[in-house]
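A.B. asks: Here are the chains, one letter per residue:
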Amino acid sequence: MQEEIRNKKLEVGLNHFLTVSVVLFSLGLYGVVTRKNAVMVLMGVELILNSANINFVAFSRFGNFGINGELYALFVIILAAAEAAIALAIVLNIYKRFANVNVDEINNLKE
Amino acid sequence: MELYDIIFYLFAAITIVSGIVVVNAKNIVHSAFSLLLTFFGVSGIYVLLGADFLAIVQIMVYVGGILILLLFGVMLTNKITDVEIRSGSFQVFPAIIGLAAFAAILFGVMTSTNWKTESFEIPATTTFQLGRLLISEYALVFELLGILLLVALIGAASIARRDKE
Amino acid sequence: MSEIANINLSIIILLLPLLGFFIVLFFGKKIEKLYLVEVGIITLAFVLSLVVGFSKLGTYLHQDLLYSFTWIDFGNVPTIGNLHIDLGIKIDNLTVIMLFVVNLISMLVHIYSMAYMKGDSRYSRYFAYLGIFTFSMLGIVLTDNILMMYIFWELVGLSSYLLIGFWYEKKSAADAGKKAFLTNRVGDLGMFIGILILFTNYHSFSFDYIYSQMSAGILPFGSEAWLTAAGILVFMGAVGKSAQFPLHVWLPDAMEGPTPVSALIHAATMVAAGVYLVARIFVMLTADAMLVIAIVGAVTSLFAATIALTQNDIKKVLAYSTVSQLGYMVMSLGVGAYTFAFFHLVTHAFFKACLFLGSGSVIHSMHHEQDIRQMGGLRKKMPITYYTFLIATLAISGVPLTSGFLSKDGILAGTLAFGELTGHWLIPIMGFAVAFLTAFYMFRLVILTFHGTPRDQHKYDHAHESPFVMVLPLIVLSTLSIFFWYTPNPVSPDAGWFASQWVTTPHTVVPASSSFDFMINENNTHAETSEHGVITHSEKYMHAMHWAHYPAMILSLVLAGLGILLAFTMYQWKKISPDKIAESVKGLYNGSLNKWYIDEFYNKTFIGGTLNLGGLLNWFDKWIVDGIVNGSAAFTRVFSKISGYFDSYIVDGLVNGTAFLSGFIGFHFKKLQTGKVQTYIVLVIFSMLILFYFIGPF
Amino acid sequence: MNGFPLLSLITFLPVIGMIIILFMPGKMAKEIKITSLVITFLQIILAVILLGNFNYSAGGIYEESSFQFLEKFRWIEITGLSWIGTVKVDYFLGVDGISTPMILLTAIISFIAVISSWSITKSVKGFFALFLLLDTGMMGVFVSLDFFLFYVFWELMLLPMYFLIGIWGGPRKEYAAIKFFIYTLLGSVFMLLVMIALYFSASETLANGTSAFTFNLLTLMDPTNYTVDGILSPLNPNNYRFIAYIALFIGFAIKIPMFPFHTWLPDAHVEAPTPISVILAGVLLKMGTYGILRISYPIFPEITQELAYYIALFGVINIIYGALVALAQKDFKKMIAYSSVSHMGYVLLGMASLSTTGITGAIFQMFNHGTITAMLFLIVGVIYDRAHTREINAFGGLANKMPVYTFFVTIAFFAAIGLPSLSGFISEALVFVGAFGVQEIRVLTMIGTLGILLGAAYMLWTLQRIFFGEFNDKWKDVLHDITFREYAMLVPLTIIIIFLGIYPSAMLDVMNSSVNTLVEFISKNAEIIRISGM
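Chains as they are written, first to last, in the numbering used here: chain F, 8 to 118; chain R, 67 to 231; chain Y, 316 to 1013; chain U, 1378 to 1911.
Excised from the complex, chain F in its bound form (with noise of 0.2 Å):
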């Protein structure tokens, strides 16, 4: 498979990987925006953070990078390991305080 990547001339190009980037970017942040339960949002980070993933994989691909870009993606998701644990912490705390992981609910900032 790999021999036939490398020879062939391909349909998809970097677009094609970007427009999904995109889209799952714009689902995570819908996702983010509109969940009121706390590990929904934390999901919707975890989409964006993949489409993040997306784009630094493609431009390694296609642009002259060599292969820094993977290695970007890698941190980054050694990154959302580190801050899954963090979030899902803090979520427990909230919850014990507020008996309720709502979003929305948790309104402190309000004035």
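Hints are supplied without guarantee of correctness; some may be wrong.
Stated by the list, open to error - Think about it this way: if two alpha-carbon atoms lie no more than 30 Å apart in a straight line, the pair counts; the simulated DSBU-like pairs of lysine-lysine are:
#1 U:K1853 to Y:K433
#2 U:K1851 to Y:K485
#3 Y:K956 to U:K1550
#4 U:K1502 to U:K1410
#5 Y:K344 to U:K1853
#6 Y:K937 to U:K1707
#7 U:K1778 to U:K1707
#8 F:K43 to Y:K991
#9 Y:K486 to U:K1853
#10 U:K1778 to Y:K348
#11 Y:K695 to Y:K433
#12 U:K1778 to Y:K345
#13 F:K43 to F:K103
#14 Y:K345 to Y:K486
#15 Y:K919 to U:K1707
#16 Y:K991 to R:K92
Derived by calculation from the structure, the hints in this document are not laboratory data.
Starting from the known structure of chain F, fit chains R, Y and U onto it as the hints suggest.
C.D. replies: Coordinates of chains R, Y and U only, in the frame set by chain F:
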């Protein structure tokens, strides 16, 4: 249409459709499981882009780590006995309009930009190169990330149990 | 005696009275008899001045003794070169004669005052003042430069001020002193400017140096007009000090001072200083300047004589006669009769001092009554005073065998000659008129005071002859009014040593083009030598003088005789009633009685004007100049108040308004602040969209 | 005397005294007074030492080498300030014939003023501390040769003055103090502007070869030190020297005080306590004219020549105007204050002549006016202390009651009138001699001589109203003749006035070579600037 293209569309479809489900599902558990599919799709795209190592890491970390973590979160924060693991949405319409416009703009930017693409000889396997970079050029970053993970680990544990005192 | 000895002696003469002044001023209060020291000092000075006089007139008759030292040294001054101000003394014949006159009269007045001032609370201070006066007068006499002249001129003014205002408890006395000083200052201003003109051009104050430059043809600012101006301006000093019209007003008022002071200062010596000054600057007077001086002198003498006619205060009559006689001297200098002017100065000093001291004697015995209408018949009570007074009166009236006849005759001859040579006949006419008036009013005074019957019996009964120390000076002075001290020939002054040898007219230093043609300067060949070989005037002038001599003598005799006769007719024999005459020319009489209203005129115009101007400027200063300052301060205050209002209402209002507006907007907009992060993100998205729209990347 | 910092000592001695006083408890009033007296007396001794070692032939004015008792070292130096370059200020002291008489005057007047302050009872410590600070300020102005230093001392003296009038003054003290302060400050602002403009116009070469801007007055006097494009450079065709001159002149004129900037003076004098009036009239007024001679004249010689006529005009206005207004005064002290205005007019007139005699007369008049007016104010103080009024018409006939006092008054009055044999005459005569010699101002000079007459008029009139005539019995118990302390302050001044009237060379010789140098320097440099500057 080549096989490659077909595979791409397949994975793209999996990713996007499952993504839509993730953000729209009423039940959090459904969302979590469709997220699993999304991660698979993304992983497939990685493969298509010749990033084999990354694809593996994607599955391992996201599916095996983060997703499980999220599920735990769901379990811990919802009264499981109620089986009411639903989660509502709000401000759906402004978000849809805004994000549609936003996406359109992004798309417009993307298409109107003349990307300078060039054919790039993808090495047979990227693992070797990634590994070498990690311990040479990005050694410091690598170390820092290691520490970060450690800190996050301890921090998360500490935050989660603080209330007990 | 050597020159140096003469110089040293004269310096000692100068400083002795000053020493007396300090001694009496500082110790007079404690030691009562100290005034005797002052009298002794003046006597010593008189003796020394006699010594110097004999030495100078005997040994150095035609030689001036000079001594000077540098007082202020300016070093090498840019554009001028070496500049220094020298002081010094010059002893010539004029000087020694004046030394003699001043010291003699001063001594006599000191002696006289011992009795006259007895019992005064400030007895010793009086002598101190006399000392400083004598010192400054001697300074004027001895100086060789015009700066020192001015310095002592002012000091004389100071002592005059102090002595006129000696009884300062009386307002009139204090006023008179002030008036004397200020009136003199007016004249001194002119003199000072004249001095400035001279110094600016010659960079020296020395008379001799200035004259030598002038005769070398260097004129002030290169023009004869400036020379005339300088002469007239310096003469203004004399106008003030010698009480010439129009600055004569102070002298009659100065009679507020003690009578011996009037005799010393305001009759004999100080007022003569003006004449002395004109004599000193005589050589630099141009024809125009001389004419001005002659006119001023003539007008003054006539003017004062008309006032003296009607005065009833014994001292006032004498004061106006002094003014009149001083006018004579000045006129005489103006017409070029230098010798006779100075001669008259000396003779007048003696007989006028005698008159004043005599009047003092009368006043003393009448218990300070000065109105002649209250006197009369005193002849019997005070014979010595009467006879000495009479001799002096004869002298001032110009009766033969007196000194006054000699000098007056010379002056009148001089005016006649002047009229002959220049055609200014008005001056001799005025001169002769004054001779007539003088004889009349002086005899009016004598008759009203000493003759007839007493009009105030009470005062008459208490009158008595004055003590010896007061009578002695009268005798000395009246003796000096007799001709033989001055000339062996009682009708011709020219025959005497005084006019022919001691005092000779100096050569003028004015260029021939601007001097009278009868004056000569050194290189003039049309000169005639007098019998003693001294060149004086031009041939023409000598002829005119010879021609004028006898007419003048006869005319003056006739006029004086007429005046005396008239006086006797009116007051002794009462053939003509003075009141009727007064009634018939009421306007003139009142004018004369009120001194032609000069004082009133000055009070209204100059003094009142100055005071009003001062008041006006004070108002101006307080309300306008300071008003502007305070106004700008007030303006600043108002402005700052306005900006304060602006600050608290507009600016602060704006601030508060903004706050209110923000609050208002915020109150409504805070609904946007849901506290939900997601809402914010939506908004961020929309904002970004708007941004995109505006930036428009597409 | 070489190397001994005489000038610093004489200047800062009062500060030492001030520090001593500040450490003394306020209750020790007498000790504080004695300390001040000793300090000012030491100052007189130092001034006499200065005079004794003074080289009479050294000109000074523009040449550093002919200044005496020089002290010069760097005081402030900041290098590397972007476009300004190096900022440097020298501590530069020195005297010549112009400043030496002023130093003597300051020392004498301060001493007399301390004696006169003996009657101060209100917060003695503060008074004398401020007084000594004032003393330092005054001294400093007369010895500094660096414009910046000059300015510092100039301002230093302002502050104590403000408090001395404002705290120890009469009924309207606040008004007077503020008026004085604002007026003087206005002048200072003008001076400051010119000072800064001058600073950026001229530069001097430093030891290391670079050039730097300078406040050094002597450097500023030399037209060759100006940079071509400096705004006050004579080489610059668009220079602002004319405006700068006028601004500087106004700054000094306020201090003189010159008509129409004189109105602070009567108020300040009337409200100030006697010793402060003495200082004010005796020393402070001289700073204006001293500043003109020391700074305006040598730095702007060509404009000085151009404007000499107007300086003379204002001098004559001062003389006549001051005298006429003095004539109208009913307050004794105010009368004296206006007579000061009149007398300072002579100084201006003399300076305007730009001739040796005129400027000598002007400086001498500064000195004489210092002593004479000080005496006049002391005299007012004597009578005010007893009767608590200064109304001229309230008195009369004091001559019999207070004969010794009358004696001193007469001497002071006649000195003010300009009676020969007293010092005032010499200076006035020299002023007129100098001014009359200049054709342009000859007519003005003649008008100015009227001042002699008017001066006599108001002085004698006052003398008559207070001392002659009938004695007013109202004062029978309060008026007694002068005390020992009053003797102590009047006698020295009387001696000075009479001595300098008879032997003026004692003072004139001190200033003579400097004045000659100044006159020559002005005409020479004006010529140079006119040729080079166009």
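A.B. asks: Compare the structure with each hint and give your call.
C.D. replies: How the hints compare with the structure:
no.	hint	result
1	U:K1853 to Y:K433	holds, 28 Å
2	U:K1851 to Y:K485	holds, 19 Å
3	Y:K956 to U:K1550	holds, 24 Å
4	U:K1502 to U:K1410	holds, 9 Å
5	Y:K344 to U:K1853	holds, 22 Å
6	Y:K937 to U:K1707	holds, 13 Å
7	U:K1778 to U:K1707	holds, 22 Å
8	F:K43 to Y:K991	holds, 10 Å
9	Y:K486 to U:K1853	holds, 20 Å
10	U:K1778 to Y:K348	holds, 23 Å
11	Y:K695 to Y:K433	holds, 25 Å
12	U:K1778 to Y:K345	holds, 17 Å
13	F:K43 to F:K103	holds, 17 Å
14	Y:K345 to Y:K486	holds, 29 Å
15	Y:K919 to U:K1707	holds, 21 Å
16	Y:K991 to R:K92	holds, 20 Å
Comparing the model with each numbered hint stated earlier shows that all of them hold.
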